[in-house]
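Novice: Read in order, the letters of the sequence shown are residues -10 to 423 in the numbering used here.
I should point out that these hints are in silico values taken from the structure, not numbers from a laboratory. The beta-carbon is built from N, C-alpha and C at its ideal position, and this holds for glycine as well. Careful, some of the hints might be misleading.
Derived DEER-like restraints, expressed as beta-carbon distance ranges [said to hold, decoys possible]:
| hint | residue 1 | residue 2 | range |
| --- | --- | --- | --- |
| 1 | G16 | E38 | 52 to 58 Å |
| 2 | W190 | E153 | 26 to 32 Å |
| 3 | P320 | H201 | 22 to 28 Å |
| 4 | E223 | V289 | 26 to 32 Å |
| 5 | R374 | W190 | 14 to 20 Å |
| 6 | G16 | A395 | 24 to 30 Å |
| 7 | P60 | D18 | 20 to 26 Å |
| 8 | G202 | T252 | 49 to 55 Å |
| 9 | T252 | H398 | 32 to 38 Å |
| 10 | V90 | G390 | 17 to 23 Å |
| 11 | R176 | P60 | 40 to 46 Å |
| 12 | A343 | T228 | 47 to 53 Å |
| 13 | G390 | P75 | 23 to 29 Å |
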Amino acid sequence: MADPQALDEVVEFTSGLIRIDTTNRGGGDCRERPAAEYAAERLAGAGLEPLMLERTPGRTNVVARIEGTDPSADALLVHGHLDVVPAEPADWSVPPFSGEVRDGMVWGRGAVDMKNMDAMVLAVVRSWARQGVRPRRDLVIAFTADEEASAEDGSGFLAERHPELFEGCTEGVSEAGGFTFHDGSGREIYPIAAGERGTAWLKLTARGRAGHGSKVNQENAVTRLAAAVTRIGEHEWPTRLTPTVRAALDALAALYGIEAGRTDVDRLLEKLGPAAGLVEATVRNSANPTMLNAGYKLNVIPGEAVAYVDGRYLPGTEEEFAATLDRLTGPDVHWEFAHHEVALQAPVDTPLFAGMRAAIEEFAPGGHVVPYCMAGGTDAKQFSRLGITGYGFVPLKLPAGLDYQALFHGVDERVPVEALRFGVRVLDRFLRAA
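Using the sequences and the accompanying hints, generate a full structural model.
Specialist: Structure, rendered in structure tokens:
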């Protein structure tokens, strides 16, 4: 059992990490090293020997290994990222890098994505050191840079250049699952992530004939691009159920007494009510136009126009996704990947998943654990290249009325103090026996 000091340290560490501004603006504009030093110092205080690794100066990762009691067991990777997305202070109720504790909450950028988990891991490891506890299997602890952009300086760099540090790891846990989802009727649902849609960020380029804005022009690049973007934005993607999403739908249908096998997916989602929010983004692929760039003067028709699209695809659908984009863009618009990462799915009938379920149920006995697939992506994509099967598990017991999922990259990001303490207890229980 985590000791009382760990329950205080998790709050201290969450606040302390938030106060270190690790804003990742993309294009290499970030410096995680101060946060990495903060984490490494606390790991060293637990008797570990953390390594600090950089591909680019200032873009620092931290890796440490805890030796388990069973040398025949596979190792488990526990990872969290140190960088955060930008925050506009004028929009916030508190300064976003204050780490202020107010009204029973720790406020600031990274409170849920994901310095809370970093702090929980640090608190658990230090509690073990004070109590002389060792986990059953080796644990590799990794705090990464650059997750909020390309991961090239973070998990991608570690997987490519330092695979030996993850020797023996077959499974991994990180963001984002194990939190309380309130369905509005008094039920507490705890989704555990066992999959991720693939990332397909696209660049669309339309070329045409440049000319005077007053002249007829049937080869207008802006018109061609706008037509393609409209087709993409209005496209209705067909349902494609992966094993993870089917398991999620079956579990939710059973919880609500619905005959899932006799109901089409969209109708089933309607019957699930608010709980449909856990799965509705992952029953099909998606492609959302997000950026447009064309022209340099109002009365000049440009020869080129560019758009960007945030595409996501389910496991096993990549070829279908690409063929659909070929059709939607048409002959006058070229598309290419601006960033491309694999889709993931993990089995839900494993001892590890059962261990996460048991840990949640011990401390939230009225909770209902279900698997789910994440709509976005995490560092698990990069670590999958090492053969590591990834799950999302950041346990938090949240009060009704707190829209946790909206806080990811949102304004007034915050996490309840008691949720952090719950997370420490659950992680301690889970990681000891995993």
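Novice: So, for every hint listed, does it hold in this structure?
Specialist: Tested hints:
| no. | hint | verdict |
| --- | --- | --- |
| 1 | G16 / E38: 52 to 58 Å | 33 Å, violated |
| 2 | W190 / E153: 26 to 32 Å | 31 Å, holds |
| 3 | P320 / H201: 22 to 28 Å | 25 Å, holds |
| 4 | E223 / V289: 26 to 32 Å | 29 Å, holds |
| 5 | R374 / W190: 14 to 20 Å | 19 Å, holds |
| 6 | G16 / A395: 24 to 30 Å | 27 Å, holds |
| 7 | P60 / D18: 20 to 26 Å | 43 Å, violated |
| 8 | G202 / T252: 49 to 55 Å | 54 Å, holds |
| 9 | T252 / H398: 32 to 38 Å | 33 Å, holds |
| 10 | V90 / G390: 17 to 23 Å | 19 Å, holds |
| 11 | R176 / P60: 40 to 46 Å | 42 Å, holds |
| 12 | A343 / T228: 47 to 53 Å | 29 Å, violated |
| 13 | G390 / P75: 23 to 29 Å | 27 Å, holds |
Of the numbered hints listed earlier, those contradicted by the structure are 1, 7 and 12.
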